[in-house]
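Note that the protein sequences, when read in sequence, are chains A and B. What the first sequence shows, in my numbering, is residues 1 to 162, in sequence order. What the second sequence shows, in my numbering, is residues 1001 to 1144, in sequence order.
Treat each hint with caution, since some may be false.
[Unchecked claim] Derived list of chain B stretches under chain A, where covered just means 3 residues or more per stretch with a C-beta under 8 Å from a C-beta of chain A:
1. 1008-1016
2. 1039-1047
3. 1061-1068
4. 1076-1084
[Claimed, not checked] Here are some of the chain B residues that sit facing chain A, going by a computed Cβ distance under 10 Å:
5. A1031
6. G1057
7. A1058
8. R1087
9. D1089
10. G1097
11. T1099
12. T1105
13. M1109
14. I1113
15. F1115
16. P1128
17. G1134
No lab work stands behind these hints, which were simulated from the structure alone. Where is the CB? At the ideal position from N, CA and C, for every residue including glycine.
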Amino acid sequence: MKKKPEPVQVIKQRRDTALAQLVAGVPYMQFLGVQFDRRGDELTAILPYADMLIGNPMLPALHGGATAAFLEMTAIIELQWVSMWDAVEEGQTDQSQTAMPKTIDFTIDYLRPGLPRDAYARARINRSGRRYTSVHVEAWQDNRSRLFAQATGHFLMPPRNG
Amino acid sequence: MSQDVSIMRAQQFIAALPHSHALGMQVKDIAVGRAVIDMPYDLRFVGDPATGVLHGGAVSALMDTCGGAAVVSHPDAGISTATLDLRIDYMRPATPGQTIVAEATCYHMTRSIAFVRAVACDDDKSRPVATATGAFTVAGKAAP
Chain A
1 MKKKPEPVQV IKQRRDTALA QLVAGVPYMQ FLGVQFDRRG DELTAILPYA
51 DMLIGNPMLP ALHGGATAAF LEMTAIIELQ WVSMWDAVEE GQTDQSQTAM
101 PKTIDFTIDY LRPGLPRDAY ARARINRSGR RYTSVHVEAW QDNRSRLFAQ
151 ATGHFLMPPR NG
Chain B
1001 MSQDVSIMRA QQFIAALPHS HALGMQVKDI AVGRAVIDMP YDLRFVGDPA
1051 TGVLHGGAVS ALMDTCGGAA VVSHPDAGIS TATLDLRIDY MRPATPGQTI
1101 VAEATCYHMT RSIAFVRAVA CDDDKSRPVA TATGAFTVAG KAAP
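Using the sequences and the hints given, assemble the complete structure.
So, in structure tokens, the structure goes:
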């Protein structure tokens, strides 16, 4: 017999709790103030503007290093989120034991200066093997179609149990 | 200009970059087209709390700053630069607790592009933590 669907609030709360745990566990994400917006399984990373993110005070423009870190975080969280999704759907919320993917390489394209406002990013997993994955990340500010940076990275995935 | 003065100038330049300042970066050495910048270990920059290893993003920020410093220390660079692209290869996790030192060299410069290589190490200088290659913009010369 098919199980009765869970109430929507229960599902949402479980997903949000799992995601919040993932983000709260990384000090550097807290330091930069990175947050995540979730719609179903789609994540959008948000980097709220802060003065300490500026690299060129004369323009002013976001520091390339802050942008690079933001994109790399977006890629890593996406990888962890996708690999824990099934477990979360089955009712597990404790993801504190989730091992992290290791960045092998990360290439950032700076398409235009990062403006002193909030930035957004989404990651797409282009290839997901047992050990290696390739992830592309796009970042924008005011207009979704006007990217200010994009990146491609390769990651070594932690060994899966079972 | 003596070496101390140029290090001091470079240090002032880096200190004026709010993000580099927030990450505690210090200029250790500067020469024509070359910069050495370090970033002391800080618990706020950790990427994996289970191991205490720094986030790759913090190392990227150091590489980017150091690359930019190597470009502006070049006499043909102009006063400012911006990163066009940067590729970082992570060789191994940085040892928790140790300062990361990055050394960047601007090995070629055209009228519009500066090409940069960088290496980052912790206390074990024989095994780099990460290497980077990047292209940076060269500020246009003002018309005479």
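Evaluation of the provided hints:
no., hint, verdict
1, 1008-1016, "violated (count 1)"
2, 1039-1047, "holds (count 5)"
3, 1061-1068, "holds (count 6)"
4, 1076-1084, "holds (count 4)"
5, A1031, "violated (22 Å)"
6, G1057, "holds (2 Å)"
7, A1058, "holds (6 Å)"
8, R1087, "holds (4 Å)"
9, D1089, "holds (5 Å)"
10, G1097, "violated (14 Å)"
11, T1099, "violated (16 Å)"
12, T1105, "violated (18 Å)"
13, M1109, "violated (18 Å)"
14, I1113, "violated (13 Å)"
15, F1115, "violated (15 Å)"
16, P1128, "violated (13 Å)"
17, G1134, "holds (9 Å)"
Taken one by one, the earlier hints fail for this structure at numbers 1, 5, 10, 11, 12, 13, 14, 15 and 16, listed in ascending order.
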